[in-house]
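2 protein chains.
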Amino acid sequence: MSSIDKVLARIDANLDTSLDRLFDLLKIKSISTDPEFKAPCRYAAEWLAKELTEIGIEASVRDTAGHPMVVGHKKSGKPGPHVLFYGHYDVQPVDPLELWKNDPFEPSIETKDDGTKIIVARGSSDDKGQLMTFVEAARAFIAETGDLPVDVTILFEGEEESGSPSLQPFLQSHKDELSCDLALVCDTGMWDAETPAIAVMLRGMVGDEIIVRAASRDLHSGMYGGSAQNPNHIVADVIAGLHDANGKVTLPGFYDGVIEMPENVKALWETLGFSVEEFLGDVGLKYPRGENDRTPLEHLWTRPTVEVNGMWGGYQGAGSKTVIPAEAHAKFTFRLVGDQDPDKVQESFRAYVRSKIPEDCSVEFIAKDGSPALRLDFDMPALEKGKRALHDEWGKDTALIGMGGSIPIVGDFKRMLGMDTLMIGFGLEDDQIHSPNEKYNLTSFHKGIRSWARVLDELSKD
Amino acid sequence: MSSIDKVLARIDANLDTSLDRLFDLLKIKSISTDPEFKAPCRYAAEWLAKELTEIGIEASVRDTAGHPMVVGHKKSGKPGPHVLFYGHYDVQPVDPLELWKNDPFEPSIETKDDGTKIIVARGSSDDKGQLMTFVEAARAFIAETGDLPVDVTILFEGEEESGSPSLQPFLQSHKDELSCDLALVCDTGMWDAETPAIAVMLRGMVGDEIIVRAASRDLHSGMYGGSAQNPNHIVADVIAGLHDANGKVTLPGFYDGVIEMPENVKALWETLGFSVEEFLGDVGLKYPRGENDRTPLEHLWTRPTVEVNGMWGGYQGAGSKTVIPAEAHAKFTFRLVGDQDPDKVQESFRAYVRSKIPEDCSVEFIAKDGSPALRLDFDMPALEKGKRALHDEWGKDTALIGMGGSIPIVGDFKRMLGMDTLMIGFGLEDDQIHSPNEKYNLTSFHKGIRSWARVLDELSKD
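So the sequences go chain by chain: F and A.
Here the first sequence is numbered in the numbering used here, starting from 2 and rising by one per residue.
Here the second sequence is numbered in the numbering used here, starting from 2 and rising by one per residue.
Rather than coming from a laboratory, the hints here were simulated on the basis of the structure.
Possibly wrong hints are sitting among the right ones.
Intra- or inter-copy, both count: the list cannot distinguish identical chains.
As the list claims (entries may be wrong) - Restricting the straight-line Cα-Cα distance to at most 30 Å, the calculated cross-link-like pairs of lysine-lysine (DSSO-like) are:
no., residue 1, residue 2
1, K415, K118
2, K345, K397
3, K249, K357
4, K79, K118
5, K357, K287
Given these sequences and hints, build the entire structure.
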């Protein structure tokens with residue numbers, strides 16, 4: 002048996018203990034966006050540093066102004082690229098909690114009606130399950146061969162779900178330690194349950210929250226209704242005016258920098274057999290919304306969007322309350338593509354919002370830092386090796402895809418550390434990340450570990 | 002001294018103990034719209050029945066499907082009209098609690114910078130302070146003269162702030178017991194701190210809550226943004242489309258039944274010296290919103306409106322969450338005037354909302370019963386007596402005004418029990434009813450008690 006075959010055999014033999022370790026990590030309530038969960042976030046970092054150290058990777062927890070980083074190294078000047086593996090140990094909030102069938106932090110293996118085994122817990126897919134595929138591959142490699150086939154640096158962050166405020170300062174101050182030849186990021190998905198994929202296009206993102214204020218206090222709607230400004234109506238007007246009747250975003254200059262995909266790329270995507278009926282049918286919908294002259298894959302990968310992730314104002318309790326609230330709120334995120342400039346999009350949005358605010362009312366903005374979209378070089382040598390490794394594991398050609406979500410770290414690696422990134426992940430569309438009952442297929446976890454062993458092995462070859 | 006003068010002197014002498022009793026009532030957390038406060042609501046009813054019994058009015062708590070009623074009688078076939086006095090012991094919710102300077106259920110007397118003494122607590126004005134003006138007037142009359150000058154029946158309800166679901170059934174089943182010659186309702190205001198008023202026009206109301214549902218679960222906005230329907234956007238579109246650029250409500254047929262006031266009535270209102278700058282300036286606003294060809298008093302008294310009292314969907318916590326929620330909500334109230342039909346307004350609204358819902362989404366409506374607007378007969382004999390009594394107390398002519406808020410009971414009294422209603426109250430515009438730091442002027446309370454004594458006395462005269 003070649004050494005890679007022995008590593009794969011060891012992975013298969015030890016799957017149960019790999020799962021035990023993943024479950025331990027999933028039980029930690031590392032919700033980064035909510036200050037209440039600060040201690041569990043630190044504990045998740047400590048847990049990971051301890052795991053890495055145990056398998057022979059020199060690792061430590063590094064403090065930041067926010068949640069800590071974990072950095073590990075296993076290097077000895079081996080030939081082949083020195084790779085940096087990135088993942089995040091923080092997870093999304095779990096509300097609405099009442100929609101979870103089980104406690105989101107009590108992981109379980111369940112069997113779906115079609116026989117598929119799934120790991121159910123918050124973070125099972127995004128991103129604890131995914132990052133543990135790499136950790137377990139490294140564990141098997143070191144246990145079997147005494148080392149990793151290429152030099153490896155590991156970086157785990159704990160603020161990915163809350164805008165990564167500490168990441169850029171940390172990359173800047175640890176530039177020498179973290180600059181490698183290539184980054185590996187496991188926060189993306191497969192094309193489908195059988196077809197592996199590498200993401201070569203990522204949408205960027207910029208966000209904003211608005212607080213619209215009118216009267217100095219809540220008012221009685223019977224007394225002031227019709228005369229006094231109602232912030233609920235103003236926020237609704239702001240939201241309603243963002244799209245025209247054809248689903249296009251109305252902000253001036255919004256489409257500047259959007260790049261039209263070449264026809265041959267569009268043609269390639271046609272062969273992927275993407276079914277919008279299935280994509281939407283899985284979540285109980287039928288008809289695509291949005292720009293009505295675009296295909297759904299274009300929407301997802303190559304078109305910019307704006308969504309209201311939250312809005313609220315006035316009385317939300319049981320019964321009724323005849324009130325005009327003093328303020329109303331909305332949270333917006335823009336997904337960016339091509340060369341769209343996050344700052345310019347934000348500026349245009351803010352000018353638009355201000356134009357909607359009556360003279361005796363005010364608006365406050367709470368910024369969320371933006372990142373532009375990214376496209377990888379199709380001729381990158383590591384891309385070919387990654388494709389081959391995934392093909393060997395899954396027995397199907399690797400799809401080169403775009404991603405609807407944002408992974409700002411990939412842009413930071415490129416701009417700050419000069420590294421290209423291979424985005425390989427094993428998530429699936431029905432993983433319900435960010436939603437109740439998040440899951441990760443057991444196959445994604447098992448074959449994900451095997452895939453990373455193969456990728457590391459391939460990268461070590463000439 | 003005539004007996005009315007003795008009664009008034011007794012009221013003055015006992016003001017402190019009157020205040021003690023009001024404070025006891027204000028301490029009871031009788032928030033009717035929130036099921037959590039069921040027990041305090043009952044306790045408030047029991048407290049009132051006990052008070053009435055103590056002063057010589059035969060009273061008892063009457064169960065309903067919701068919060069109980071209190072009914073009391075003091076009658077012996079005296080000449081003059083048999084009057085029914087109505088008030089409500091329930092109060093509005095207190096959120097946002099953090100904006101209250103003191104505990105809303107720990108009443109206190111405070112002195113404003115201009116020397117005005119105010120009673121601060123939830124319900125101090127709406128409606129516990131107001132209803133106690135009548136109770137204390139009755140107490141003084143009975144203590145001084147051994148009886149009331151006219152036959153009196155009292156009805157206190159505990160669901161006025163939550164749509165009065167039990168009221169109509171109760172009136173129906175107690176028709177004989179409650180039908181009197183005239184109703185007295187103390188849930189309205191003065192024209193200003195010096196000028197007494199009787200409300201002769203009341204806007205009606207109808208409400209609706211919508212729940213718009215799209216996907217079967219919350220979605221990741223990076224994955225589904227632009228393709229899947231976002232209920233926040235749908236609800237915002239619904240709200241934004243309710244008004245045109247001139248502030249008119251767009252619903253088909255909405256203005257059917259709206260009555261144009263005669264020019265001489267409008268002219269009379271001009272003499273009231275209403276200042277929109279002060280009205281809005283008091284709450285930190287400058288410019289009137291709404292139909293831009295109407296005066297603010299027209300808006301308040303004679304024009305129909307729609308207001309969103311609450312809206313919410315998606316993530317409201319700290320930080321950001323890139324989610325497309327599965328559902329979004331909004332609560333609407335319409336104020337009605339003239340002969341507008343609440344059912345027709347609701348039907349038109351629902352048809353409009355349905356027209357805005359994409360085919361693969363759904364909307365659920367939660368109805369709030371409506372009541373049409375009301376106008377009193379200017380030649381009603383009791384109106385002249387009420388005007389005279391208030392003039393005697395306040396030393397100024399009584400203004401005959403409209404009311405922006407809704408008091409559906411007045412319509413129920415007319416339609417179900419055949420009674421006209423004299424709406425007399427001592428609330429002021431700056432009482433902040435339904436808002437944090439609700440107050441009732443000490444003068445309103447003191448002279449309010451004296452006013453009711455005078456009204457009862459006047460009504461007993463030929």
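TODO: Could you figure out if K249 and K357 sit no more than 30 Å apart (CA to CA) within one copy, between two copies, both or neither?
DONE: both (19 Å within a copy, 18 Å between copies)
Open item on the list: Cα distance capped at 30 Å. Does K345 pair with K397 within a copy, between copies, both, or neither?
Closed with: Answer is neither: 41 Å inside a copy and 62 Å across each miss the 30 Å cutoff.
Open item on the list: Within, between, both or neither: how does the pair K357, K287 come out at a Cα-Cα threshold of 30 Å?
Closed with: For K357 and K287, only the inter-copy Cα distance (16 Å) is at most 30 Å; the intra-copy one is 33 Å.
Task: Intra- versus inter-copy proximity for K118 and K79 (alpha-carbon distance at most 30 Å) - done: neither (38 Å within a copy, 84 Å between copies)
TODO: With 30 Å as the alpha-carbon cut-off, assign the pair K415 and K118 to within, between, both or neither.
DONE: neither (37 Å within a copy, 67 Å between copies)
The structure fails hints 1, 2 and 4 (numbered hints given earlier, in ascending order).
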